[in-house]
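Can you make the complete structure from the sequences, with help from the hints?
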Amino acid sequence: MHTTSTDLAQPLVAMPEPEAASTISARGLTRSFGNHIAVNGINLELRRGEVLGFLGPNGAGKTTTMHMLTGNLAPSRGEIRICGIDLLEDPSAAKARIGYLPEVPPLYRELTVNEYLLLASRLHRVPRARRGEAVATVRQRCGLADVGGKLIGTLSKGYQQRVGIAQAIVHSPDVVVLDEPTVGLDPNQIRDIRALIRELGGAHSVILSTHILPEVEAVCDRVQIMHHGELVYSDTIAALKQFESGATLLVGLRRPPPADELAALPGVAAVDAVEPTRFRVQFAVGKDPTDALVKAAAARDWGLYQLNPAQTSLEDVFVHLTRREDGA
Amino acid sequence: MIFTIAGKELKTLFASPLAWVVLTIMQLIVGYAFLRRLDDFLQLQPQLARLAAAPGITDLVAGPIFGTAAAVLLFAVPVLAMRLIAEERRNQTMVLLMSAPVSMTEIVLGKFAGLVAFLGCIVALTALMPLSLAGAARLDYGMLAGLVAGLVLLTAAFAAVSLFVSCLTVHPVVAAIGAFATLLVMVLAGEAAGDGLRARGWTVAASLTQVVSPIKSFEPFGKGLLDTYAAACLILLTALFLALAIRQLDAQRVRG
Chain D
1 MHTTSTDLAQ PLVAMPEPEA ASTISARGLT RSFGNHIAVN GINLELRRGE
51 VLGFLGPNGA GKTTTMHMLT GNLAPSRGEI RICGIDLLED PSAAKARIGY
101 LPEVPPLYRE LTVNEYLLLA SRLHRVPRAR RGEAVATVRQ RCGLADVGGK
151 LIGTLSKGYQ QRVGIAQAIV HSPDVVVLDE PTVGLDPNQI RDIRALIREL
201 GGAHSVILST HILPEVEAVC DRVQIMHHGE LVYSDTIAAL KQFESGATLL
251 VGLRRPPPAD ELAALPGVAA VDAVEPTRFR VQFAVGKDPT DALVKAAAAR
301 DWGLYQLNPA QTSLEDVFVH LTRREDGA
Chain B
1 MIFTIAGKEL KTLFASPLAW VVLTIMQLIV GYAFLRRLDD FLQLQPQLAR
51 LAAAPGITDL VAGPIFGTAA AVLLFAVPVL AMRLIAEERR NQTMVLLMSA
101 PVSMTEIVLG KFAGLVAFLG CIVALTALMP LSLAGAARLD YGMLAGLVAG
151 LVLLTAAFAA VSLFVSCLTV HPVVAAIGAF ATLLVMVLAG EAAGDGLRAR
201 GWTVAASLTQ VVSPIKSFEP FGKGLLDTYA AACLILLTAL FLALAIRQLD
251 AQRVRG
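From first to last, the protein sequence lines are chains D and B. With the working numbering, letter number 308 in the first sequence gets 308, and the count goes up by one each step, no holes. With the working numbering, letter number 206 in the second sequence gets 206, and the count goes up by one each step, no holes.
I should point out that these hints are in silico values taken from the structure, not numbers from a laboratory. It is possible that part of the hints are untrue.
[To be verified] Okay, the calculated bits of chain B under chain D, using three or more residues with CB under 8 Å as the criterion:
1) 8 to 20
2) 71 to 77
3) 250 to 256
[Said to hold, decoys possible] Label-pair distances were calculated between CB atoms; the ranges are:
4) B/Leu125 / D/Glu199: 44 to 54 Å
5) D/Arg109 / B/Val174: 16 to 26 Å
6) D/Arg48 / B/Val185: 51 to 61 Å
7) B/Gln92 / D/Glu199: 19 to 29 Å
Even for Gly, the Cβ is constructed at its ideal location relative to N, Cα and C.
Quick look at the structure:
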C-alpha cells in the first residue's frame, strides 16, 4: 500500500551475498516467447540445505523459470550457475548436479519401477558399481520398496509421483527442483510427500514450486513470489509473518467503546471492527500496545475476553501482492 | 550414453504392441513373397538349366524379396520412428533426457541406434528366408551379404529421415504421415529428376540426384553389385538428416 512491489523486492533480492555455499545462482534471467515476456529479469539464490518455496498464480512464469534452471529451455538473457558451474557453457557438468521433477512426471509407463530408476541413474552418470545401491536407497526413501517389479503404468497417481521424485534424487544431486509435486494427491499422500521434501532439505537444496500456500508455510525456509514474470517478494517465512502491516492484534471486548477511543491508545495505528465485539488492531513494529490496551480495558470496564496476535498469513501477502499488480 | 538411450528405445519398443505388429506384418508379406518367388523358380528351373549363364536362386528369390522388404519398410519405418521424439514430447517424457547430463547429439544418435538395431532384426529375419534354402541349393553368399548390407543402409536412411520429421511435431501420427510423405517425395522426385537430367545428357547432375533417392541407391545391391557410390549416397543422406535432427532439437531448446 505504501510501497510499490519493486521498491520492496529490490533490496530483498539484492540481499543474498554470492556465497560459496549457494547451489543455484541465477542473475537477470529473462525469457521471451515472441513479443510475450514470460520471465523478466529474475534473480534467484539458493543456499545449501535450504528449501525455497516458489509461489505465484497460474501463468506467472514459474514453470518457465524452472525449465530454464534445469536446462530444458535456453534463457533469452541472463546467467545461471549451478554450484558455480555455468549451465550454458558447461551444461553436462551443471546438469549432473540437478534433479528435476516437472509438473508432469516424465515416466515411461511400459517400464517397471526398477528398470526406470536404473535408466535414470545411468542417464545421470551414476557409476556402474553404485547404481544398484543408489536405486535401492532411493526406493527406500520414497516408499517404493514394495513396488520395484511393477509396471509404472499400473501404479496409482501417488506412487507415480513418488517414482517421479525418486528419479529426481537417484543421483544425489546438490539441487532438487520440484514443480508442483503434490498436485492431484490425496491428503495422506500429500503429508508423505511433504515429509519427504523436508527430509530432502537436509542434504540437498530444494526449489519447490506450488500455488498451495499452506504447503509453503509447512515445508519451506524461504519464499519467493512471482507475478507476471517478475519477482515481487523474496524473504524468509519468519519475516513474512511481519510483512507490511507490522503486526496485528485480535481484541474481543464485551462492552466495546467507540472505535475512536481504541485508536487513541498509544501505539495503535488503525482499528478495524471485525464483528461488533471483535476488533483487529494494527500497530507499527516495536510499538506493542498490549499493555496499554489491557490497562485501559480494566480501568474503563470494556470486558476484555480475547487478546491474541493475528499473524499475517502467507495467503494475505500473496493475494495482496498479486492483486495489487492487476489493479495497477 | 548413446548405448543407454539406444537400449531404452529397444526396451520400450519391444514393450509396446507396435513392434510386434510390425514384425508380424513384415514376416507375413515377405514370407508370402518368398514362397511365390520360390514357386516361380521351381517352375522355371527346367528352362533355366538349358541356359549357359543362368541366374541362380539368389538372383531370382533373394533379390526380389529384399526389394519387397524395402518397399514395406518405406511404410513401417515412419510408424516406428514417430515414437522417438514426437511421442516422447507429447507424453512429456523428453524432459527426463533433457534434464540429464546428455547432449542433443547423444540423444539423437542413441535414438537412431536403437531404431536401427530393431530394423536390423527385421533385416535378419528377411535374410533367414533365403538362408533356409542353404541345405537344398547353392546360395551366392556374397550377393546375400551385399543385399543385407544394402538393406541395412537403406533402413538407416529411412530411419534418419523419419527421426528428423519426428523432431518437427508433437503429434506422433502427423510425424508418421509426414515422414512417409517425405520419403515418398524424395524417392519419386529423385527418380524423376534423375531421368530428366539423364535425358538431357547431364549425367553428373543426374547421378547427384541419387543422394536424395534412397531406393535408387538400393537397386545396385539387388543386382548383386557392390556399388560404393550408392553406399556413399545412403550414408551421406543418413548423416545429413541426423545432423538436421540435432540442429532442430537444439533450436527448440532456444525457441521454446
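How the hints compare with the structure:
1. 8 to 20: Our answer is that it holds, as 5 residues pass the Cβ test (under 8 Å) against chain D, meeting three.
2. 71 to 77: violated (count 0)
3. 250 to 256: holds (count 3)
4. B/Leu125 / D/Glu199: 44 to 54 Å: 51 Å, holds
5. D/Arg109 / B/Val174: 16 to 26 Å: 22 Å, holds
6. D/Arg48 / B/Val185: 51 to 61 Å: For B/Val185 against D/Arg48, whose Cβ atoms are near 56 Å apart, the range 51 to 61 Å holds.
7. B/Gln92 / D/Glu199: 19 to 29 Å: 27 Å, holds
Hint 2 alone, counting from the list given before, is not met by this structure.
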